[in-house]
Amino acid sequence: MLLLEQRIATEGKNLGDGILKVDSFINHQVDAGLMMACGVEFGNFFANTGANKILTCEISGIAPALMTGWQLKVPIVYARKTKPVTMPDIVFMTTAPSHTKRRDVEIMASPEYLRPDDTVLIIDDFLATGMTILALVRIAHAAGCKVVGIGTLVEKTFEHGRDALLHLNIPVHALARIKSMANGKIEFEPN
11 MLLLEQRIAT EGKNLGDGIL KVDSFINHQV DAGLMMACGV EFGNFFANTG ANKILTCEIS
71 GIAPALMTGW QLKVPIVYAR KTKPVTMPDI VFMTTAPSHT KRRDVEIMAS PEYLRPDDTV
131 LIIDDFLATG MTILALVRIA HAAGCKVVGI GTLVEKTFEH GRDALLHLNI PVHALARIKS
191 MANGKIEFEP N
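Our numbering numbers the first residue of the sequence shown as 11 and each following residue consecutively.
A portion of the hints provided could be inaccurate.
Each computed DSS-like pair below joins lysine-lysine, with the alpha-carbon atoms no more than 27 angstroms apart [unchecked claim]:
hint : residue 1 : residue 2
1    : Lys189    : Lys31
2    : Lys111    : Lys23
3    : Lys111    : Lys93
4    : Lys91     : Lys23
5    : Lys195    : Lys91
6    : Lys31     : Lys111
7    : Lys83     : Lys111
8    : Lys195    : Lys23
9    : Lys156    : Lys83
10   : Lys189    : Lys111
11   : Lys91     : Lys31
12   : Lys93     : Lys156
13   : Lys195    : Lys111
14   : Lys31     : Lys195
15   : Lys23     : Lys189
Quick list of simulated restraints, FRET-style, between CB atoms [stated by the list, open to error]:
hint : residue 1 : residue 2 : range
16   : Leu12     : Arg125    : 26 to 32 angstroms
17   : Arg148    : Arg113    : 26 to 32 angstroms
18   : Asp173    : Arg125    : 29 to 35 angstroms
19   : Lys195    : Leu13     : 17 to 23 angstroms
20   : Gly194    : Asn54     : 33 to 39 angstroms
21   : Tyr123    : Asn37     : 20 to 26 angstroms
If you are wondering where the hints come from, they were derived from the structure by calculation, not from laboratory data.
All figures in this text were calculated on a predicted structure; none of them were measured in a lab.
We put the CB at the ideal spot given by N, CA and C, even for glycine.
Sequences are here, hints too, so could you generate the full structure?
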């Protein structure tokens, strides 16, 4: 998606070690118009999957998931990183490595909102190693849900996360694909 690539090229900051700072429009401050355009793109791509829920991980996945949910007219469920008192005692929980926190984090979802008859589309901000996406898949499968697609705003293809998802045999769609962040630069895969 050219619009997203342009924003990454002009405002994204390569912090080294595979860390891409996109705080000015995705992670800390959110450009609602850009997220709406991303939601429309995801909605068009995944329109025929039969998804009745979208699953994401807090917090950076919420904006694109919300806009995709609006486009597909389905609710979103986000996996939490801390358990509020309003969440039931028994939850679906797993761990995932955090690139920016440099440690594993727990993520959890309530069984109130993921049911065995749900068909789930996973939307998140980044696909790097694939471990966070796989954690979301584990949560969906623990709930008995069928996962029908994965969408990410940014894929860092040099981290080979897509390879970790191949066994799922479902469509994976990334709106901006970065092939290299070497030497302080950001290089995109050709469209």
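Checked hints:
1. Among the hinted pairs, Lys189 with Lys31 is consistent with the structure: their alpha-carbon atoms are about 16 angstroms apart, no more than 27 angstroms.
2. As the CA atoms of Lys111 and Lys23 are separated by approximately 17 angstroms, the hinted pair is consistent with the 27 angstroms bound.
3. For the given pair, Lys111 sits about 18 angstroms from Lys93 by alpha-carbon distance, which is consistent with the 27 angstroms threshold.
4. This hinted pair checks out: Lys91 and Lys23 have alpha carbons roughly 26 angstroms apart, not beyond 27 angstroms.
5. For the hint pairing Lys195 with Lys91, the CA-to-CA distance comes to about 31 angstroms; that exceeds 27 angstroms, so the pair is violated.
6. Of the pairs offered as hints, the one joining Lys31 and Lys111 holds, with about 13 angstroms between alpha carbons and a cut-off of 27 angstroms not exceeded.
7. Distance hint between Lys83 and Lys111 is unfulfilled; the C-alpha atoms sit about 33 angstroms from each other, more than 27 angstroms.
8. Taken as a hint, the Lys195 and Lys23 pair is honoured in the structure, with Cα atoms around 9 angstroms apart against an allowance of 27 angstroms.
9. At most 27 angstroms may separate the alpha-carbon atoms for a hinted pair to count; Lys156 and Lys83 meet this at roughly 18 angstroms.
10. At roughly 23 angstroms between alpha-carbon atoms, Lys189 and Lys111 fall within 27 angstroms of each other, so this suggested pair holds.
11. Note on Lys91 and Lys31: the hinted pairing holds, with a Cα-Cα distance of about 21 angstroms set against a maximum of 27 angstroms.
12. The hinted pair formed by Lys93 and Lys156 meets the criterion: a straight-line CA distance of about 24 angstroms does not exceed 27 angstroms.
13. Proximity of Lys195 to Lys111 is assessed by CA-CA distance (about 22 angstroms); at most 27 angstroms being required, the pair is judged to hold.
14. Between the alpha carbons of Lys31 and Lys195 the distance comes to roughly 13 angstroms, so the proposed pair stays at or under 27 angstroms and holds.
15. The hinted pair formed by Lys23 and Lys189 meets the criterion: a straight-line CA distance of about 15 angstroms does not exceed 27 angstroms.
16. Checked against the hint of 26 to 32 angstroms, the pair Leu12 and Arg125 fails, with Cβ atoms roughly 38 angstroms apart.
17. Between Arg148 and Arg113, the C-beta spacing of about 18 angstroms breaks the proposed range 26 to 32 angstroms.
18. At roughly 31 angstroms, the beta carbons of Asp173 and Arg125 sit within the given window of 29 to 35 angstroms.
19. Distance hint check: the CB atoms of Lys195 and Leu13 are about 20 angstroms apart, consistent with the given range 17 to 23 angstroms.
20. Gly194 and Asn54 have their C-beta atoms about 34 angstroms apart, which keeps the hinted 33 to 39 angstroms range intact.
21. A hinted range of 20 to 26 angstroms holds for the C-beta pair Tyr123 and Asn37, which are about 24 angstroms apart.
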